[in-house]
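Protein chains in written order, with this note's numbering: chain H, 1 to 283; chain Y, 284 to 550.
No wet-lab data here; the hints were simulated from the structure.
One or more hints might be untrue.
As the list claims (entries may be wrong) - Heads up, simulated SDA-like pairs for lysine to any residue below, C-alpha to C-alpha not over 20 Å straight-line:
no., chain 1, residue 1, chain 2, residue 2
1, Y, Lys418, Y, Leu481
2, Y, Lys366, H, Trp196
3, H, Lys278, Y, Arg428
4, H, Lys278, Y, Leu380
5, H, Lys278, Y, Arg379
6, H, Lys122, Y, Gln339
7, Y, Lys418, Y, Lys468
8, H, Lys278, Y, Asp430
9, H, Lys278, H, Glu221
10, H, Lys122, Y, Asn299
11, Y, Lys418, Y, Ile383
12, H, Lys122, Y, Met337
13, H, Lys172, H, Phe249
14, Y, Lys418, Y, Gly435
15, Y, Lys507, Y, Pro322
16, Y, Lys507, Y, Tyr528
17, Y, Lys366, H, Gly195
18, Y, Lys356, H, Trp197
19, H, Lys278, Y, Glu378
20, Y, Lys366, Y, Ser328
21, H, Lys122, Y, Gly298
22, H, Lys122, Y, Tyr297
23, Y, Lys356, H, Gly195
24, Y, Lys409, H, Phe201
25, Y, Lys356, H, Glu187
26, Y, Lys356, H, Thr120
27, Y, Lys356, H, Asn121
28, Y, Lys451, Y, Asn312
29, H, Lys122, H, Glu180
30, Y, Lys482, Y, Ser310
31, Y, Lys451, Y, Thr365
32, Y, Lys356, H, Trp196
33, Y, Lys422, Y, Ser381
34, Y, Lys356, H, Leu119
35, Y, Lys366, Y, Asp430
36, Y, Lys366, H, Glu187
Predicted model, so just to flag it, every value in this text is computed and none were measured.
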Amino acid sequence: MKASPKLTNDVFAATDRLPPIKLKKLTKSNIVIRTTMIVLAVLTVYGFVTFNNQKLNFWQNLFATFANFRTIFFQPHFNHFTFSQAFEGVLITLALGLLTTIVGAVVAFFLSLLAAENLTNKTISNSVKTLVAIIRAVPTVLWVLIFAIAAGLGSVAAVIGMSFHSISYLTKAYSESFEELDEGVIEALKATGAGWWQIVFQSIVPNSLTSLISWTFMRFEVNFGVAVAMGAAAGAGGIGYEMFMSGVFYFDIREMGTITYFILAIAIILEIISIQIKARIRA
Amino acid sequence: MTTLLEMKNVSKKYGNGTVALSDVSFSVNEGEFVSVIGPSGAGKSTLLRCINQMIQATDGEIIFDDVNVMGFKGRALRQMRTKMGMIFQNYNLVERLSVIENVLHGRLGYKSMLAGSLGLFTDDEKRQAYRLLEKLGLKEQIYRRCDQLSGGQKQRVGIARALIQNPKLMLCDEPIASLDPSSSKTIMDHLKDISDSLKITVLINLHQVDVAMNYADRIIGVSKGSIVFNGVPSELTNDNIKAIYGSDAEKLMINVEDQGRMKAAEK
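Isolated chain Y, as found in the complex:
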């Protein structure tokens, strides 16, 4: 298996001295489904945003697809970002535009300034958008305005917008944090499918440890800006949880060891 993304000693310090990430190193293989867990403010979001450089890391190397992309600017940065799809907790769609228009936004990085600004998309791109929406079960909604959709539907539009970029990596920033359990499952199943069938690497921030254990090939535990756990879900122990969340697993109403055993038994 080839390595798609490698983070080498990545740090992020803010001007006021706060350290958001310190010396983070890990690598992710092609097609892998990796979940990042950790308490609020541990640096999960910062970690994700350092990869597509929505936030500029202060130190280290980020090797994506065999190229060190640290410090990319302008055209090169935009080109790199087209290869990384991103979805968000708050979906971040343009509410007043239709579903298909929002999906087509995923092609903006490939377009000239003028064509993109005027929204001139090719027939091919439109067909692709339609096909993606069909696959995600939103065929009936393509002309609906996004503010009329439910949370789960919005997130699926977000996934379609990321997929139409034809990305190698999907960055998911707590995609199910605002969704009900049933929509959450739909979204997680779609993401798993993306990683399994399309061989797109998925890197996902999650609050729900049980969801992470169910879906992820690998779990990265983050606490106070450092990686404290990096391994397969069945290796995760209650001690690891304590190291990540700073309190005992029982108090967090989870018991990862039971869950790990159950999952192993299923297989």
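Next comes chain H alone, as it looks inside the complex:
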């Protein structure tokens, strides 16, 4: 056996004769990260300095904007619709978000089984992952507009497009939760003679159920926001469409304020529910 070097009192001796010691090694990735940060900082400053402000007075316009905000948020009113109509609009938007989340969750569950590396082989997993990555790279709005070519602008295109994007998003989220399960657990169940579906429902699902629920709910919140935007951009109806009409057709910014409060209220309620769900399922 080789004797390990013995510690002597030198380790505490004066160290001022040693050269300065760097804590971080200058690796390739460190250099790339630093260069990127510096370039971004320079570009940011350059961008602000060379704004083309068309001779507008910055401060004057800033105050004008705040004046508009004040009108929107402190003097909201109903003009083209009643409270119950606005409420109905909110429900339509919520329904749009819920429907696309459910469609997305169901399809994504099965796709993510194929995408999880510990459940299939690398080839299948990588091809499914690449496919959903491509789908995810295109924003939801664009997918809705793409499907609008076939289905026409409206709720049908919105549902298909939003579901499409939800599927790819949830597939990634779900498959990553599935992959967190220790390889050994799958091995143990295989060793009992269990089949693939039995392994999925007896180990993968119970172990990742909490993260599946929280990812799904998070996507529901995202889809609610997208559904508002789709009402405006794709004529999918709901509160977003009302907002679009008030803003672009009637120029009624006070009514926009009312709608904003409606959406805000729903967003807060969703957030509260989400916190509640998370607290319950952790236990």
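Given the structure of chain H, go ahead and fit chain Y onto it with the hints provided.
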């Protein structure tokens, strides 16, 4: 005594040329308690996993219960695996499920795809699970979630999961490597009991030579993918240890000859 398992010239080579097992042959009798010892990376785990074909051996014959099970696939493979229980160093339980649910997983190999997936177990199976847990001293814990158990308790759940399969062979992959000495003893005593009273053959990978000598009917020493020792514990000499571990016994802080003599004297 009848032979339960016979390995004939079993080899395992990986695609990149690494040889994990080369020409391994041995046989194990029914009810025997056999311990496999050897340094890390010698191929102990591979050897165990070749038997229930979690790893496919590349060459040789594996005769289990008078049938050559090499190359079994699908239904036949699953059926064969139900006859071999397996326990692991890291217990490998589904942490978020209860103790009894984990034990019932041992019945999955006997169930249809749907019944197994939905977790529909018969009353008989549930009673059997309860009785096993009672025997292993986990009666109070049956509804506890497995992530709340101690290491020793988890390993006992693992044993119950393997036993409910009604196996002929127990494969144990370093079951006490992550346990404290007292839990280790409990687990080893249970395994010994399984082999003595239930007549289930136990094949166990161990790091602790002294534990192997205390419990095993026979010791198989593995080094670099080959068997270098196969005999009863009292035959194990310091030279054998050198052949298995590649260094002198004193440097490993063990002296098997003393221990062997002491054990012989006890009897």
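Evaluated hints:
no.	hint	result
1	Lys418/Y x Leu481/Y	13 Å, holds
2	Lys366/Y x Trp196/H	19 Å, holds
3	Lys278/H x Arg428/Y	19 Å, holds
4	Lys278/H x Leu380/Y	18 Å, holds
5	Lys278/H x Arg379/Y	16 Å, holds
6	Lys122/H x Gln339/Y	18 Å, holds
7	Lys418/Y x Lys468/Y	16 Å, holds
8	Lys278/H x Asp430/Y	19 Å, holds
9	Lys278/H x Glu221/H	14 Å, holds
10	Lys122/H x Asn299/Y	18 Å, holds
11	Lys418/Y x Ile383/Y	13 Å, holds
12	Lys122/H x Met337/Y	18 Å, holds
13	Lys172/H x Phe249/H	40 Å, violated
14	Lys418/Y x Gly435/Y	15 Å, holds
15	Lys507/Y x Pro322/Y	9 Å, holds
16	Lys507/Y x Tyr528/Y	10 Å, holds
17	Lys366/Y x Gly195/H	15 Å, holds
18	Lys356/Y x Trp197/H	17 Å, holds
19	Lys278/H x Glu378/Y	19 Å, holds
20	Lys366/Y x Ser328/Y	19 Å, holds
21	Lys122/H x Gly298/Y	16 Å, holds
22	Lys122/H x Tyr297/Y	18 Å, holds
23	Lys356/Y x Gly195/H	12 Å, holds
24	Lys409/Y x Phe201/H	19 Å, holds
25	Lys356/Y x Glu187/H	16 Å, holds
26	Lys356/Y x Thr120/H	17 Å, holds
27	Lys356/Y x Asn121/H	17 Å, holds
28	Lys451/Y x Asn312/Y	11 Å, holds
29	Lys122/H x Glu180/H	16 Å, holds
30	Lys482/Y x Ser310/Y	16 Å, holds
31	Lys451/Y x Thr365/Y	9 Å, holds
32	Lys356/Y x Trp196/H	14 Å, holds
33	Lys422/Y x Ser381/Y	12 Å, holds
34	Lys356/Y x Leu119/H	18 Å, holds
35	Lys366/Y x Asp430/Y	28 Å, violated
36	Lys366/Y x Glu187/H	16 Å, holds
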